[in-house]
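**Q** Use these hints to put chain B onto chain A, whose structure you have.
Same order as they appear, the protein sequences are chains A and B. Residue numbers 108 to 343, in the working numbering, belong to the letters of the first sequence in order. Residue numbers 108 to 343, in the working numbering, belong to the letters of the second sequence in order.
No lab work stands behind these hints: they were computed from the structure. Certain hints may be false.
Below 30 Å or equal to it, Euclidean Cα-Cα: the simulated BS3-like pairs (lysine-lysine) are [as the list claims (entries may be wrong)]:
1. 177/B to 324/A
2. 120/B to 160/A
3. 177/A to 159/A
If the Cβ cut is set under 8 Å, some of the chain B residues that face chain A in the computed set are [claimed, not checked]:
4. 178
5. 288
6. 336
C-beta atoms are modelled at their ideal positions from N, C-alpha and C, and glycine is treated no differently.
Number of protein chains: 2
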Amino acid sequence: MLKYQQIATELEKYIEDNALQQGDKLPVLEALMAQFEVSKSTITKSLDLLEKKGVVFQVRGSGIFVRRHKRKGYISLLSNQGFKKDLEDYHVTSKVIELDVRNPTIEAADNLNIGLEDEVYYVKRVRYINGQTLCFEESYYNKSIITYLNKEIVSESIFNYIRDGLGLKVGFSDVFLHVDKLNEEEAEYLELEAGAPKLNVETIFHLSNGQPFDFSKVTYNYEQSQFFIQANSNFL
Amino acid sequence: MLKYQQIATELEKYIEDNALQQGDKLPVLEALMAQFEVSKSTITKSLDLLEKKGVVFQVRGSGIFVRRHKRKGYISLLSNQGFKKDLEDYHVTSKVIELDVRNPTIEAADNLNIGLEDEVYYVKRVRYINGQTLCFEESYYNKSIITYLNKEIVSESIFNYIRDGLGLKVGFSDVFLHVDKLNEEEAEYLELEAGAPKLNVETIFHLSNGQPFDFSKVTYNYEQSQFFIQANSNFL
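This is chain A alone, in the form it adopts within the complex (with noise of 0.2 Å):
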């Protein structure tokens, strides 16, 4: 982690534990260098971070302040750090339901930009929130890309597994929802009755030098599941 990305962490910890709200003021410039000892530049970059993660938002001459949601028990989109972040209040399990090396279908070798003979780890898992299925995941990973994976690994997070274990840089990602009637297997793995509702999550997951990666298809309860993003201007 660059000194930029850690000053950032700290400066989120300290929003958190001083309870800072939407609109309230962090210190000026100067006083953030002498807080955490660094030169200017890399107090700006960690504010730049910051505001593209969502955490502050920038007022030209006017100063910096906390960007801050009220709404609790919200699952970030954009974010694939797990549930934990932001779902720390509650309880999240994971069963792995299947986990093999086999040949992508015809939709996820699309998906992850390789042939039909290629090798994919295929894992299907449900999650529970506090007892309560969340959401059932098929995920596809390029097999020449993600080594190794075993039952462990995918019960707790891949992801971390992959930039920890594999030492992988994870870049963008693209993706895709929709909504529909759940079917009568996802029915039967969120405990619902077929034709209720779902959200659809469909994620394609890059490397940084842009190679596909993961191709994971993700169908909520929609009972136990709400999300958020922040998004910033650049979007406009």
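**A** Chain B alone, transformed into the frame defined by chain A:
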């Protein structure tokens, strides 16, 4: 619009005009500087902006590459440029059901950070895609910021008017999603059965100074809508 923003727009057009695909490499910095007749710092700022918007990704020591997902007909969840850009091959229209000045609901007042005795413009619209219902929308605009609206403005792009007509600077937004079943009113406007699945999207739009000016609640026809987000590694 600043110079680097102009160049970013031109670069996006260049990618489109040349039908560049995901993974295609852009010309090197020097070539782009010559092509657009700008300095290195300007072209770098343009490329950073395009990276934030999910149009390109940069690989250190290797170059700048095009990001472009393959799926057509998806609506961007992080854009408020209206549906025009995402659904340009489709015919999208609006019908204004109600437009008036009133006091906010408790929910709207809470999300807009105003009092119950303050005034809002209330807008109720149905939007159509190729003659089918796309979504049902209720919006509350803080009248002390959005000082004037009329039926003509509300039938077109309200955000273009806010920027160009009122000269306001739109900043960040908080987006909340959940899936549920359509109630009677929503079903009627969307011409679907009550109880059918829906995606509900609530957005709080802020000016760049952090002031919330619009709280909107949109219910989508699940048969006519699908969504995408291009996320970058800042969120990971």
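**Q** Now tell me if each hint is right for this structure.
**A** Hint check results:
In summary, the hint linking residue 177/B to residue 324/A is supported, as the alpha carbons are separated by about 17 Å, within the 30 Å threshold. In summary, the hint linking residue 120/B to residue 160/A is supported, as the alpha carbons are separated by about 27 Å, within the 30 Å threshold. A C-alpha spacing of about 19 Å is found between residue 177/A and residue 159/A, which places the hinted pair at or below 30 Å, so the restraint holds. At its closest, the beta carbon of residue 178/B sits 6 Å from a beta carbon of chain A; the interface hint therefore holds under the 8 Å criterion.
At about 6 Å, the closest approach between the beta carbon of residue 288/B and any beta carbon in chain A falls short of 8 Å, and the interface hint on this residue holds. Of the supplied interface hints, the one on residue 336/B holds, with its beta-carbon coming within about 4 Å of a beta-carbon of chain A, less than 8 Å.
Hint check: no violations occur; every hint is consistent with the structure.
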